[in-house]
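So the sequences go chain by chain: A and B. The opening residue of the first sequence carries number 155 in the numbering used here; numbering runs sequentially from there. The opening residue of the second sequence carries number 155 in the numbering used here; numbering runs sequentially from there.
Derived from the structure by calculation, the hints contain no laboratory data. We put the beta carbon where it would ideally sit given N, CA and C, even for glycine. Treat the hints with care, since some could be wrong.
Quick list of the computed label-pair ranges, beta carbon to beta carbon [unchecked claim]: (1) B:Gln-319 / A:Gly-416: 36 to 44 Å; (2) A:Gly-416 / B:Arg-209: 48 to 56 Å; (3) A:Thr-373 / B:Arg-209: 41 to 49 Å; (4) B:Ala-240 / A:Glu-376: 33 to 41 Å; (5) A:Asp-348 / B:Gln-319: 34 to 42 Å; (6) B:Asp-369 / A:Asp-415: 49 to 57 Å; (7) A:Thr-398 / B:Glu-357: 22 to 30 Å; (8) B:Gln-219 / A:Gly-278: 40 to 48 Å; (9) A:Lys-329 / B:Gly-308: 17 to 25 Å; (10) B:Gln-262 / A:Ser-352: 41 to 49 Å.
Number of protein chains: 2
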Amino acid sequence: MDSRPIGVFDSGLGGLTALRELARLMPEEDLIYFGDTGRVPYGGRSRETLIQYARQDVAFLKTFQPKAVVIACGTVSATALDVLTAENTFPIYGVVESAARLAAARTQSRKVGLIGTRASIRSGAYERALAALDPAIQVYPQACPLLVPLVENGRFRPGDAVTEQVVAEYLTPLKEAAVDTLILGCTHYPLLRDVVQSYMGPEVTLVDVGAACADWVATSLEEHGLRCGGTAPGRRQYYVSDSTEDFAYLASLFLGQDITDGVAQVDITRY
Amino acid sequence: MDSRPIGVFDSGLGGLTALRELARLMPEEDLIYFGDTGRVPYGGRSRETLIQYARQDVAFLKTFQPKAVVIACGTVSATALDVLTAENTFPIYGVVESAARLAAARTQSRKVGLIGTRASIRSGAYERALAALDPAIQVYPQACPLLVPLVENGRFRPGDAVTEQVVAEYLTPLKEAAVDTLILGCTHYPLLRDVVQSYMGPEVTLVDVGAACADWVATSLEEHGLRCGGTAPGRRQYYVSDSTEDFAYLASLFLGQDITDGVAQVDITRY
């Protein structure tokens, strides 16, 4: 039994979709969320800058003495998990491996689509993870740089003509390749689930990387005897690097409920 | 005569459209450009964070002992010019006032449209500048948060269905209001000139804030006896806060020519 909190971070607020799943599976755990809203988005930045930002994000979470850290960011998971793991003693969970495992288990045709930011796709991390699980799987990767801006501007609902057109454009080659499983390789994308499912068709399985990761984290903490073991609802604390003024609106979109706990601002460059 | 360089900065590489105009009008001046590519985009951030970032940008440029600094960024010009001017002894030029002057001089109907980032529009800076020049001018402001991501992804050319649709959506109320002048209040937007002109019609005057600012800077430096007075071509130096690897491609889009001078990376958080 371990009552220390679980740290969770993302470039911005998209990672709250993963936090929501963690809270659903482990309601009694204390969760500390950091969203780097002063430097979002990460998806177009270089590997070098991503690693620097991720190190600072983890350094901030370490001030809470976490028992584990979850990288609720597809881009950081795909580019910096190895570096962060090597530098820390507690377990660090990224979204790539758990999503790859779920996709490999679900695909029948062994044709798996993958959408993510430019940096995620460029990293090749999902391809490597899938190849290690089943070398026969063919991966169809597609960088989708406009999806994060669309989601961050609240434009993710079916009927938004611009979003539907952008999604169709990005997904055309994946649909033509007849993938039967599609990894939504960014924690912003669950909000686009309806638009994506509608374009791809109901027979395509969508893998939500945040939900897959939360499943894995819960299992892994259990196996390592790191669950808190209490029954009282855990505390949720939210930190961001930009002003907190717009936090409540966006956070409620990603969490699917209003935030009642407080949020505080952090100068992340000090870490 | 003053041979010190002119410093120019922007959140990213959009400000190169202003640098291009400065270089055209004053080819013999030395120009130092800083693009904060590690933290771009600025347009959705809070005033507090914008001021912090802008202070660091100016502090970096000050290491070159500039005779003047140009804020080649609509968002910073609209939110932080007063603060930066109060803190420094050399002249600092923003894009708001010069664009307002040009728009006020050109409009016949006294109906002026304004497009910019969320932070620029929220600041009300253009409305104040226009009201000071002519209180009878009616301003029609429109925040366009998706235009910077579209331009940064190279999607600014006529025929791009997504971009044309987004532009039409943003500009519909301005066209319906029958504005005869439209301020392109962000240094990324000159790349969208053809798409915007095509939608608004040839009779609407587009005001390029970077070009208007460059005109004003050249005149002002002349008046203050701050021109360098030489005839040899000035040096151009480029600095960015993210890796320099993608710089050449994007920079050539904004500058309209290939960059032959070097580019270096800066840790902007140290300033």
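Consistency of beta-carbon spacing, Gly-278 (chain A) to Gln-219 (chain B), with hint 40 to 48 Å: holds (45 Å)
Quick check on a hinted range of 49 to 57 Å for Asp-369 (chain B) and Asp-415 (chain A), using CB atoms only. Once the Cβ atoms are compared, 52 Å apart, the range 49 to 57 Å for Asp-415 (chain A) and Asp-369 (chain B) holds.
Would you say the C-beta atoms of Asp-348 (chain A) and Gln-319 (chain B) sit inside 34 to 42 Å of each other? violated (20 Å)
Mind checking the hinted window 22 to 30 Å against the Cβ distance between Thr-398 (chain A) and Glu-357 (chain B)? Cβ of Thr-398 (chain A) to Cβ of Glu-357 (chain B): about 45 Å, so the range 22 to 30 Å is violated.
Looking only at beta-carbon atoms, does the pair Lys-329 (chain A), Gly-308 (chain B) fall within the given range of 17 to 25 Å? holds (24 Å)
Would you say the C-beta atoms of Ala-240 (chain B) and Glu-376 (chain A) sit inside 33 to 41 Å of each other? violated (57 Å)
Does the hinted range 36 to 44 Å hold for Gln-319 (chain B) and Gly-416 (chain A) at CB? holds (40 Å)
41 to 49 Å as the expected CB spacing between Ser-352 (chain A) and Gln-262 (chain B), which holds or is violated: Holds: the Cβ-Cβ distance is about 47 Å, inside 41 to 49 Å.
Does the hinted range 41 to 49 Å hold for Thr-373 (chain A) and Arg-209 (chain B) at CB? Since the Cβ atoms of Thr-373 (chain A) and Arg-209 (chain B) sit about 47 Å apart, the hinted range of 41 to 49 Å holds.
Assessment of proposed distance window 48 to 56 Å (beta carbons of Gly-416 (chain A), Arg-209 (chain B)): Distance hint for Gly-416 (chain A), Arg-209 (chain B) is violated at roughly 28 Å.
The structure fails to meet hints 2, 4, 5 and 7 from the earlier list, while all remaining hints are met.
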